[in-house]
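Trainee: Listed below, chain by chain, are the residues.
There are 2 protein chains.
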Amino acid sequence: MAKEETYILPLLESYPMVGGDGPHSYAKNSTFQKKIVDCAKEMVTEGIVEKLDLQSMGFDNSCTFRIADLGSSVGPNTFIAVQNIIEAVEQKYQAENKDPSTIEFQVFFNDLDNNDFNTLFRTLPPTRKYFAAGVPGSFHNRFFPKSSLHIVHCSNTLHWLSKIPDEIVDGKSPAWNKGSIHCTGFVKEVVEAYSAQFKNDMDSFFNARAKELVPGGLMLILISTVPDGVPASKTFEGMHYDFLGSCLHDLAKMGLISEEKVDSFNFSLYFPFYGEFEALMRRNEHFTMERMDKFTNPTRKMVASAEFYSSHMRAVFEGLVKEHFGDQFVEPIFNYYSTKLEENIGSILNAEIHDRIELLILLKRNITPIITTTWILT
Amino acid sequence: MAKEETYILPLLESYPMVGGDGPHSYAKNSTFQKKIVDCAKEMVTEGIVEKLDLQSMGFDNSCTFRIADLGSSVGPNTFIAVQNIIEAVEQKYQAENKDPSTIEFQVFFNDLDNNDFNTLFRTLPPTRKYFAAGVPGSFHNRFFPKSSLHIVHCSNTLHWLSKIPDEIVDGKSPAWNKGSIHCTGFVKEVVEAYSAQFKNDMDSFFNARAKELVPGGLMLILISTVPDGVPASKTFEGMHYDFLGSCLHDLAKMGLISEEKVDSFNFSLYFPFYGEFEALMRRNEHFTMERMDKFTNPTRKMVASAEFYSSHMRAVFEGLVKEHFGDQFVEPIFNYYSTKLEENIGSILNAEIHDRIELLILLKRNITPIITTTWILT
Numbered sequence: 001m002a003k004e005e006t007y008i009l010p011l012l013e014s015y016p017m018v019g020g021d022g023p024h025s026y027a028k029n030s031t032f033q034k035k036i037v038d039c040a041k042e043m044v045t046e047g048i049v050e051k052l053d054l055q056s057m058g059f060d061n062s063c064t065f066r067i068a069d070l071g072s073s074v075g076p077n078t079f080i081a082v083q084n085i086i087e088a089v090e091q092k093y094q095a096e097n098k099d100p101s102t103i104e105f106q107v108f109f110n111d112l113d114n115n116d117f118n119t120l121f122r123t124l125p126p127t128r129k130y131f132a133a134g135v136p137g138s139f140h141n142r143f144f145p146k147s148s149l150h151i152v153h154c155s156n157t158l159h160w161l162s163k164i165p166d167e168i169v170d171g172k173s174p175a176w177n178k179g180s181i182h183c184t185g186f187v188k189e190v191v192e193a194y195s196a197q198f199k200n201d202m203d204s205f206f207n208a209r210a211k212e213l214v215p216g217g218l219m220l221i222l223i224s225t226v227p228d229g230v231p232a233s234k235t236f237e238g239m240h241y242d243f244l245g246s247c248l249h250d251l252a253k254m255g256l257i258s259e260e261k262v263d264s265f266n267f268s269l270y271f272p273f274y275g276e277f278e279a280l281m282r283r284n285e286h287f288t289m290e291r292m293d294k295f296t297n298p299t300r301k302m303v304a305s306a307e308f309y310s311s312h313m314r315a316v317f318e319g320l321v322k323e324h325f326g327d328q329f330v331e332p333i334f335n336y337y338s339t340k341l342e343e344n345i346g347s348i349l350n351a352e353i354h355d356r357i358e359l360l361i362l363l364k365r366n367i368t369p370i371i372t373t374t375w376i377l378t
Numbered sequence: 001m002a003k004e005e006t007y008i009l010p011l012l013e014s015y016p017m018v019g020g021d022g023p024h025s026y027a028k029n030s031t032f033q034k035k036i037v038d039c040a041k042e043m044v045t046e047g048i049v050e051k052l053d054l055q056s057m058g059f060d061n062s063c064t065f066r067i068a069d070l071g072s073s074v075g076p077n078t079f080i081a082v083q084n085i086i087e088a089v090e091q092k093y094q095a096e097n098k099d100p101s102t103i104e105f106q107v108f109f110n111d112l113d114n115n116d117f118n119t120l121f122r123t124l125p126p127t128r129k130y131f132a133a134g135v136p137g138s139f140h141n142r143f144f145p146k147s148s149l150h151i152v153h154c155s156n157t158l159h160w161l162s163k164i165p166d167e168i169v170d171g172k173s174p175a176w177n178k179g180s181i182h183c184t185g186f187v188k189e190v191v192e193a194y195s196a197q198f199k200n201d202m203d204s205f206f207n208a209r210a211k212e213l214v215p216g217g218l219m220l221i222l223i224s225t226v227p228d229g230v231p232a233s234k235t236f237e238g239m240h241y242d243f244l245g246s247c248l249h250d251l252a253k254m255g256l257i258s259e260e261k262v263d264s265f266n267f268s269l270y271f272p273f274y275g276e277f278e279a280l281m282r283r284n285e286h287f288t289m290e291r292m293d294k295f296t297n298p299t300r301k302m303v304a305s306a307e308f309y310s311s312h313m314r315a316v317f318e319g320l321v322k323e324h325f326g327d328q329f330v331e332p333i334f335n336y337y338s339t340k341l342e343e344n345i346g347s348i349l350n351a352e353i354h355d356r357i358e359l360l361i362l363l364k365r366n367i368t369p370i371i372t373t374t375w376i377l378t
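Heads up: the protein sequence lines correspond to chains A and B, in order. FYI, the numbering for the first sequence is 1 to 378, going by UniProt numbering. FYI, the numbering for the second sequence is 1 to 378, going by UniProt numbering.
Hints were generated in silico from the structure; no laboratory data involved. Be a bit skeptical, because a hint or two may be false.
Each pair may be met inside one copy or between any two copies, as identical chains are not told apart.
To be verified - In silico DSBU-like pairs for lysine-lysine, Cα to Cα no more than 35 Å straight-line:
(1) Lys178 x Lys51
(2) Lys234 x Lys92
(3) Lys340 x Lys253
(4) Lys340 x Lys129
(5) Lys163 x Lys129
(6) Lys261 x Lys340
(7) Lys199 x Lys129
(8) Lys163 x Lys98
(9) Lys188 x Lys51
(10) Lys172 x Lys51
(11) Lys188 x Lys92
Start from the sequences and build out the full structure, keeping to the hints where you can.
Mentor: Shown next, in the form of structure tokens:
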């Protein structure tokens, strides 16, 4: 057998969204993310109807149409996104004078091993017309057989890194991110370290998806990017991250948590610059960019309560905070944060910020020979 | 489109095994079930090597080999069973002078929607060489696309009914099962009602699997049957069910639970008679029985502690007890049960009983035209 490639499953630093459907759950606190899916609906439909080429994919009625949503979390946004895709495929089928009710869809909902799949499965839409499956694993690795998917959807997910870059937490490195908990955009070395990690992760992502998608298969990516030249801290989300960081410093000063712990705390996420991301898309050799749409998430302009914002932050970051500071600090940290946010919400909402640029990118898997894969598990 | 069949997803009365990996979990209390998988290993290997016909299934290197384990629960027995199947397929491949490392396996672990898939996913063997997915749903329904599976494995699962037969809990019916919590085998009408439900469920099961397996695909069924003419209460498990039933009656007499509640409590399971099951296998039109092996589960002969037996009973039946009597009665019921079992373990282990007959059946999907399916969701 030609061993063209060695495949290694690395250990990843990764934390799922808050599970269940309680008040702090992601299921109840993902309005921002839902709005992105809603905004993208029309573009997704147009993109699929225009670019899906069933014939070149070798798809006929005897096939199952397989869709994967990566980073599904616990729902419910994933169910809406998947439904939009299915309707678009059916529309395309109809446009070709075929009967869409003859297609059988299988949908794979993917997220990390420690995602709350129980909630995802229990809340699957009862009126769904597809066969559902859950697939655990990080999207930086492979988790589907070769050429087994027709459409991959990945919304609001790619900004999660496989790890925090080493130099970010290295006191001797010029990229040491002391005093901040994310890539603010103010220190060149920090930006470079985060950006390099993101690039590596995107390479792994493209390599894995290139094997899993059928030649001619489509990949839909929804991602939030920072306008070129704008520091992340000057965006709505960056400002919120800085605010949470300031709360951690307050709590360290009060002696609740150690200063060292705060200094070594960093988000394992990076929102790339617009131009940086576009270049990454264009230079990859497995996919051709068929379409790129820009839009602004209108949720970012809405005026909501401090409680709304703090619930959203907690649904996403509770896992990270728990892992780093310990279970017993989750409540005090988020309680302090929400109280301080309540007091400062006015100035935060009035701050001058730059809109992030939401991108919907449609990629098509190039038609090349299938690569054989060998596994080495570590 | 030729609408050859209307497909309806019914609501099912079904309860999963105890999740997690705590002291009462199925993961820690499934030795009986594991022993069955272990005993069957050699027969599974032989059966697959003898009967798997890759060519007639249209399988080549570009395909993914898809295996489904139905009723996986939370593991770990399912992982052993799946590994045995994969090794057998590899052995078959080698026997045909092909390189087994070129096959990509995808394994679907199925159980009810409310099964603890989180535990299943977190305990997946780190050295597995297959792509894993979880599929929620009752095995009485379809949950896979047409002709998408090559091997289906179903161990120690088919005795779970989709519902308790209506007449069993109908005070006016001659099949009212007052005074007992399962099909003891002593009342003809009760046996007939349970048996009819089992037959219906098996029909649904065969119809669903016939669509999901590729023509030529294999189905491995492991099931425990009662020797013809022996009342279920005269088997090891039946005796244990009667003992739990007697505890419920004691607690009703003590006033902890109502007598009416005890009378209306029945296990939604039925272990068919050997001859009855064999006939069901032979008369179904979608599959041909290629092999049937009988064996006895040696675990049933071992002398274990009362605690061992009560933990096993609880891991399986806690969900049913909770659903019927209410959450607050779970502890008192199982505590009383384990104390009384401790006192009576000697006489239980010395009772004269009949061995159940464990069957491993290998079926092959007949090669017939593919049926088109239409969905009606209720």
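Trainee: Please sort Lys234 with Lys92 into within, between, both or neither, judging by C-alpha distance up to 35 Å.
Mentor: neither (41 Å within a copy, 61 Å between copies)
Trainee: Between the shortest in-copy and the shortest cross-copy C-alpha distance, which are at most 35 Å for Lys340 and Lys129: within, between, both, or neither?
Mentor: Neither. Shortest intra-copy (46 Å) and inter-copy (50 Å) distances fail the 35 Å Cα cut-off.
Trainee: If the cutoff is 35 Å on CA atoms, where do Lys163 and Lys98 land: within, between, both or neither? Let me know, please.
Mentor: neither (46 Å within a copy, 40 Å between copies)
Trainee: Treating 35 Å as the Cα threshold, decide for Lys178 and Lys51: within, between, both or neither.
Mentor: neither (46 Å within a copy, 64 Å between copies)
Trainee: Given a CA cutoff of 35 Å, do Lys163 and Lys129 count as a within-copy pair, a between-copy pair, both, or neither?
Mentor: Close across copies (24 Å), not inside one copy (37 Å); limit 35 Å.
Trainee: 35 Å Cα cut-off: does Lys199 pair with Lys129 within a copy, between copies, both or neither?
Mentor: between (37 Å within a copy, 28 Å between copies)
Trainee: Within a copy, between copies, both or neither: where do Lys188 and Lys92 come within 35 Å Cα-Cα?
Mentor: Classified as neither; 46 Å inside a copy, 58 Å across copies.
Trainee: Using 35 Å as the alpha-carbon threshold, which applies to Lys261 and Lys340: within, between, both, or neither?
Mentor: This pair counts as within: shortest intra-copy Cα distance 21 Å, inter-copy 53 Å.
Trainee: Quick one: Lys188 to Lys51, C-alpha cut-off 35 Å, is that within a copy, between copies, both, or neither?
Mentor: neither (39 Å within a copy, 64 Å between copies)
Trainee: Since the copies are identical, ignore which copy is meant and state whether Lys172 and Lys51 lie within 35 Å (CA to CA) inside a copy, between copies, both or neither.
Mentor: Neither: 50 Å inside a chain and 64 Å across chains, both beyond 35 Å.
Trainee: As a check of your reading, is Lys340 near Lys253 (CA-CA no more than 35 Å) within one copy, between copies, both or neither?
Mentor: within (15 Å within a copy, 58 Å between copies)
Figure legend: structure checked against the earlier numbered hints; hints not met, in rising order: 1, 2, 4, 8, 9, 10 and 11.
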